[in-house]
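Number of protein chains: 2
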Amino acid sequence: MTERIHATYWLETGVDPQLAAEVIAGEQSSGTFIALPNETPELKARSGARVERLDVLDRADRPSLQGGIESKVYTRCALELSWPIENMGPSLPNLMSTIAGNLFELRQVSGLRLTGLRLPPSFAKAYPGPAFGIEGTRKLAGVEHGPLIGTIIKPSVGLSPEETAQQVRELVAGGIDFIKDDELQGDGPHCPFDERVRAVMRVVNEHAERTGKKAMVAFNVTGDLDQMKRRHDLVMAEGGTCVMAVLNSIGLVGMHELRRHSQLPIHAHRAGWGYLSRSPELGWDYAPWQMLWRLAGADHLHVNGLRNKFSEPDDSVIAAARSVLAPVMPEAPMRAMPVFSSGQTGLQAADTYAAIGCADLIHTAGGGIFGHPGGVAAGVEALREAWVAAIEGVPLERQAERNVALKTALGFWK
Amino acid sequence: MTERIHATYWLETGVDPQLAAEVIAGEQSSGTFIALPNETPELKARSGARVERLDVLDRADRPSLQGGIESKVYTRCALELSWPIENMGPSLPNLMSTIAGNLFELRQVSGLRLTGLRLPPSFAKAYPGPAFGIEGTRKLAGVEHGPLIGTIIKPSVGLSPEETAQQVRELVAGGIDFIKDDELQGDGPHCPFDERVRAVMRVVNEHAERTGKKAMVAFNVTGDLDQMKRRHDLVMAEGGTCVMAVLNSIGLVGMHELRRHSQLPIHAHRAGWGYLSRSPELGWDYAPWQMLWRLAGADHLHVNGLRNKFSEPDDSVIAAARSVLAPVMPEAPMRAMPVFSSGQTGLQAADTYAAIGCADLIHTAGGGIFGHPGGVAAGVEALREAWVAAIEGVPLERQAERNVALKTALGFWK
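Respectively, the protein sequence lines represent chains B and H.
When we follow UniProt numbering, the leftmost residue of the first sequence carries the number 1, and every step to the right adds one.
When we follow UniProt numbering, the leftmost residue of the second sequence carries the number 1, and every step to the right adds one.
A portion of the hints provided could be inaccurate.
Note that the list lumps identical chains together, so a pair holds whenever it fits in one copy or between two copies.
[What the hints assert, rightly or not] Here are the simulated DMTMM-like cross-link-like pairs (lysine to aspartate or glutamate), alpha carbons at most 25 Å apart as the crow flies: (1) K125 - E22; (2) K309 - E22; (3) K414 - E162; (4) K407 - E42; (5) K214 - E163; (6) K213 - E42; (7) K407 - D315; (8) K214 - D55; (9) K309 - E281; (10) K72 - E281; (11) K125 - E42; (12) K407 - D194.
None of these hints come from the bench; they were simulated from the model.
Note that this is a predicted model, so its numbers are computed, not measured.
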């Protein structure tokens with residue numbers, strides 16, 4: 001039996017849902033606008049996308065998106081389509097054109113969102129997945145249990161390499177596990193990549209030699225391909241243990257090539273995710289989206305955080321984090337590490353742990369660490385202690401009675 | 001004086017617009033969520049994004065997008081921001097993280113759309129732009145004046161290489177200028193790329209030897225980088241004159257690398273454009289989007305077509321086409337060729353010509369050519385004749401009196 005690709009959608013349509021489903025299936029496979037003699041029943045059976053499931057959910061009297069066929073009623077459905085892999089082969093870019101191509105523009109559609117994806121084993125043979133994943137990251141960062149406690153260099157841009165290194169010095173002295181560049185920090189003339197890496201790694205390496213603990217620093221290598229490779233090589237040469245890339249900025253080919261070249265974990269940033277997802281009736285859910293990037297090689301994937309400073313509700317954050325931890329497919333789990341960030345403190349530890357059921361994650365806090373009256377070390381300790389409490393099921397207030405740093409933190413975390 | 005990047009947005013916000021603008025500027029440059037001692041006035045002056053313009057357009061009592069700060073009134077504005085190029089250097093991927101990164105997710109935003117982009121000359125020094133553009137395409141296709149008359153191989157997928165070549169045989173015999181693969185057609189086992197190219201080019205080359213006219217065929221090379229390069233090389237070796245790539249599927253790095261490798265014009269498909277644009281209160285206008293891809297090297301860019309089968313209104317199609325023909329910047333025009341498609345016939349020729357003021361374009365029709373009762377040659381002739389009429393300002397009906405193919409076409413085009 002041929003392998004098939006399955007994708008699910010939330011669909012809203014002003015026409016008969018069965019017709020809309022068939023139009024989408026046709027547009028994304030063998031269909032044509034005007035019926036042509038070449039589109040034989042045999043060809044359709046072989047290459048046509050199949051409507052596997054179509055469940056009406058509810059109805060609305062106004063369309064979510066404009067430009068569709070007008071109607072008095074708009075039906076919302078859960079739609080599942082499938083394609084034979086022979087249509088495109090196990091190719092991530094061509095998969096993307098198929099599951100998320102022209103269909104969003106159809107007039108038979110007044111709302112369409114890609115909600116799920118199930119891929120056959122051929123894709124796991126064609127793509128490597130994360131080279132390090134959870135275990136490899138833990139080993140490199142020297143963190144056996146619990147989350148990696150992390151932070152982001154701020155201000156995002158504007159610091160010189162030396163100022164950046166100075167901030168890193170404070171952080172590694174404070175026992176941090178993980179530090180990342182801001183996604184806006186690349187290789188600008190005020191803070192050239194090479195100088196930044198050298199200055200930062202000098203600090204990280206010195207500390208590692210003295211204490212045996214080497215903080216993982218995700219240097220943002222985002223750029224053209226040669227630049228990314230060269231930057232990766234410099235990070236390697238300087239003893240660094242992680243590179244970071246902005247997925248929407250480099251694209252699938254960029255990620256795949258970076259993975260092929262890289263000997264370090266790839267920290268994947270999702271900047272731009274908002275334009276793909278913030279209209280609930282259009283675009284992408286995180287689950288199918290992150291699957292493509294994990295196949296291409298992402299080791300860590302950003303998922304925002306509970307009670308974040310952005311507009312994403314908590315249930316969406318949790319669904320995203322669970323999808324990163326779920327297997328890509330039973331034959332090839334390719335598990336990656338979710339990265340929680342944005343307005344995070346130890347106050348979110350217990351809820352985060354309860355929601356995802358493990359601590360295989362990176363928890364980054366900015367103000368939640370730097371704002372600690374006892375300094376950065378106390379900030380790191382407090383966040384780590386909040387996770388000890390979360391994992392052991394101890395209420396924060398009780399844990400705080402045994403730990404001064406946490407107790408102080410509870411006074412300013414909110 | 002330092003070079004600056006300027007981007008304009010349509011912004012809707014539930015807070016004071018000036019505050020929202022400052023939050024966006026901060027988030028996308030030196031700003032932090034919690035004010036930090038490192039963010040000095042000097043640093044902000046050097047690296048902060050600047051609010052250049054903020055004009056209130058109108059107000060609404062409901063937010064366009066959910067998840068923002070709630071309010072009784074939502075103000076809509078035209079916002080212009082600028083950044084010093086020192087923040088990211090002339091790098092397309094890092095530019096993308098900056099102008100279209102986290103900002104869409106802000107709670108101070110209930111609607112945000114990137115509407116325009118102005119780049120300094122450094123970007124034209126760092127990126128090549130289209131290698132062929134309008135002139136190079138005309139030369140290779142042997143079409144000095146008027147549009148390239150084109151079509152798409154249909155059914156999209158399902159035809160074998162031989163069946164594809166058979167369709168091409170009819171088309172080149174009919175005098176077509178341009179043929180493209182469907183964006184769903186890649187390198188699947190039912191229609192392997194190599195066999196398809198060999199079969200199609202055999203037909204195209206034979207016709208060219210006999211008649212001197214070589215139709216341009218855009219073979220869809222979309223895939224991983226090595227695959228794209230190898231496929232490009234095969235097209236070259238077989239005497240082909242164009243390759244096609246799906247931009248959203250390969251990403252900016254993929255496009256840049258393809259451009260570096262390619263010795264042929266790159267036909268750029270925008271499949272997936274709907275999820276970037278169909279919510280008018282979110283995402284991207286075509287003008288800034290296509291500018292990035294032209295800098296990276298796109299020679300032809302899809303812009304849909306007037307009275308298309310999709311949901312896009314005509315004014316948006318025209319704006320898109322004009323943006324492709326407009327200079328990327330005065331110092332480096334990098335003009336590319338807009339590609340009109342979807343439900344197209346000769347009936348759209350005059351309006352298209354009137355709207356964009358030139359015929360430097362590719363006009364592709366499927367049913368509008370294949371549906372001609374006189375056959376494909378008559379279909380091609382009718383569409384070309386409709387353009388002659390458009391350019392000469394002659395009404396179609398009058399032109400039809402001098403041309404049988406056009407006269408017949410007017411009976412089935414609608």
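ask   = Which hints, by number, does the structure contradict?
value = Result: hints 1, 3, 4, 6, 7, 8, 11, 12 break, sorted rising.
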